[in-house]
Amino acid sequence: MTAGYNFAYLDEQTKRMIRRAILKGVAVPGYQVPFASREMPLPFGWGTGGIQVTASILGYHDVLKVIDQGADDTTNAVSIRRFFARVAGVATTTRTTEATIIQTRHRIPETPLRAGQIMVFQVPIPEPLRWLEPRESENRKSHAMADYGAMHVKLYEDIVRYGQIATSYDYPVRVAGRYLMAPSPIPKFDNPKLDRSPALMLFGAGREKRIYAIPPHTPVVSLDFEDHPFRLQRWTEACSQCGDTASFLDEILMDDQGNRRFVCSDTDHCAARQAAGQGGAP
Amino acid sequence: MYVAVKGGEAAIDAAHAALARKRRGDPEVPDLSLEQIDQQLALAVDRVMLEGSVYDRELAALAVKQARGDLLEAIFLLRAYRTTLPRLAASRPLETGQMVVARRISATFKDLPGGQVLGATFDYTHRLLDFDLAAAPPPDDGGGAGAAPAAAARTDDEFAPADPPENPQAGPPASPPASPPRVSDLVGRDGLIEPAQPSDPEPAPDDLTRQPLRFPASRDLRLQALARGDEGFLVSLAYSSQRGHGTTHPFAGEIRQGEVAVEIVPEELGFPVTIGTVAVTECEMFGQFVGAQGEPPRFTRGYGLTFGESERKAMAMAIVDRALRSGELGGGTAAPAQDAEFVLPHSDTVEASGFLQHLKLPHYVDFQSELEGLRRMHAGLAAAAPAGTAAGDEAPDDGTLP
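Top to bottom, those sequences are chains A and B.
Sequential numbering from 1 applies to the first sequence in this note's numbering.
Sequential numbering from 283 applies to the second sequence in this note's numbering.
Derived by calculation from the structure, the hints in this document are not laboratory data.
One or more hints might be untrue.
[Unchecked claim] These stretches of chain B come out as covered by chain A in the derived footprint (C-beta under 8 Å, 3 or more residues):
hint	stretch
1	291 to 298
2	490 to 503
3	645 to 655
[Claimed, not checked] Simulated pairs of lysine to aspartate or glutamate, DMTMM-like, Cα-Cα distance not exceeding 20 Å:
hint	chain 1	residue 1	chain 2	residue 2
4	B	K642	A	E251
5	B	K347	B	D313
6	B	K642	B	E355
7	A	K154	B	E652
8	B	K347	B	E317
9	B	K642	A	D73
10	A	K15	B	D489
11	A	K141	B	D621
12	A	K193	B	D648
13	A	K141	B	E623
14	B	K642	B	D352
Note that the structure is a prediction, hence the values are computed from the model and not measured.
All C-beta atoms in this analysis are idealised placements derived from N, C-alpha and C, irrespective of residue type, glycine included.
Using the sequences plus the hints, can you model the full thing?
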């Protein structure tokens, strides 16, 4: 079935074009580089940007991890991991520490990343200003002039209306003091992991045809106000599997009586803790 | 418990097996051949070729079969096949004036050089279900004597000049020219329509499949996006324009269907060679006339070109093309059909369908983040409520809220 397709599916000319976009993105942190996104055998909106980035940087000796919602066993993560196992024949893993490339949708692993690792984010809407102004031509001007007042006004209006900034995921960040950037719909819980990370962060938006990047050790600041500092989500519960109180927890409804349990969103993190003898909350 | 919530490899495999069974249907019913789809569902094949951007009837028929008749899925399959193919050459502009026409009509002149040639069209059929088609097919392949004239007119050799005995009124006058002159050229002779500006062949036209859409988008890019765009979306946009949201007052100047030669100029030869023919439908809409200072008013043009017999799509494309030119013609860009930044990014069925359906993917993390935020807001409100109206027994927040 994969006969007739190049290593990692994309032809080499396309890979070269995408690598150029990636290099430009790395050179201008947080800037959205337009690229000639291809149709992929998976639908737009299901990770085609991330898949194209991964396909372009993947080498024979890479070890690939794919997560969706933090988990390796969600259906779309399974599907994408299988795709690359099939068209590239590379080794795959669920262990964050073993992976050289981690493609993700909506999470950054709890395990701290190390130098040499590459995170590839699937991005639905790369433009952080889109919800304030739908026109790309206007938003390009705002980026060119670093005019991000509209976003601060939006956050301020949240505080007036709700008493707090209501954005809880895809929380806007300022990269290297210059470009406003959408971190993709990761929970704001994960935003601090972007800041000065030793790993390279690549963002691919297939349908929107944009690539951007955060090079290693780049300062990334979540927008806030002096009197309303950026705050992380917290849980009063612990993971029912491993007992962790510091990781991002998924809520699982147990019945129709309102009973619920919480488990780590990051399955590898949770499994590693259990293997190390950490028990779950009752 | 945990495994039941998250998906699994076994579930995907089982779903694929179920899909294969459903695609085949009852094994007692004969399997569809690609030839049958190509011949008898020819308009489905046309649409898949057009929006899939691959002129290959066999591959399009395969896509229709594999997609269980879901044309958007078939278009997606064909696009995903096309996407890694190399682009070997850019053809010279199609000479649609040299088209061997199977159908050619104008709504602007009762008669004109080359005549009106109806060809095979649903246009004047009565939309009555033909129960003869439901019966077992006759042993001979006579085209169905009881079928409506339009159906009967469809022959294997459909792009030869229409067969006069099938439908004398619809047929062309005796010994018609195979390639009648374009109506716009006839009108253009009097300077009553804006000239078609042939674009400079150098540099080669923009190509959406090789460069991202940027704004303002060039007209070649816009036309390419419209040709690949979803038929339903474009029909509705054109309709919105007709109903007054950015009207262009269109006249169907000419619609022609037929085969045209595709030529390329190989670098090593330096002269054009024909590499094949494609069946296309071309529509030229004559739009609202405009004039500038010192210039006489003239009709404007909207252009549509599609593979095969995708006539509805070609007409919609021509109207939307004209609407998108509204800005440059001084007509504003306020209506949806006039707004390139609204029309072009939302016209592609593969992009739109994919993003719509991604909502089926899990969003546990984002939803959890929203739940956490909402609960914090509720807790903050409860804590701020005046004493005596304590709402529930929720633990008050830690006081970090204002």
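Each hint tested on the structure:
1. 291 to 298: This one holds; 3 residues, not fewer than the three required, reach chain A with a Cβ under 8 Å.
2. 490 to 503: holds (count 8)
3. 645 to 655: Answer holds; 10 residues pass the 8 Å Cβ test.
4. B/K642 <-> A/E251: The hint holds at about 18 Å.
5. B/K347 <-> B/D313: Holds: B/K347 and B/D313 sit about 10 Å apart, inside 20 Å.
6. B/K642 <-> B/E355: Satisfied, since the Cα-Cα distance of roughly 16 Å is no more than 20 Å.
7. A/K154 <-> B/E652: holds (17 Å)
8. B/K347 <-> B/E317: holds (11 Å)
9. B/K642 <-> A/D73: holds (16 Å)
10. A/K15 <-> B/D489: holds (18 Å)
11. A/K141 <-> B/D621: The hint holds at about 18 Å.
12. A/K193 <-> B/D648: holds (17 Å)
13. A/K141 <-> B/E623: Within the cut-off at roughly 15 Å; holds.
14. B/K642 <-> B/D352: Holds, at roughly 18 Å.
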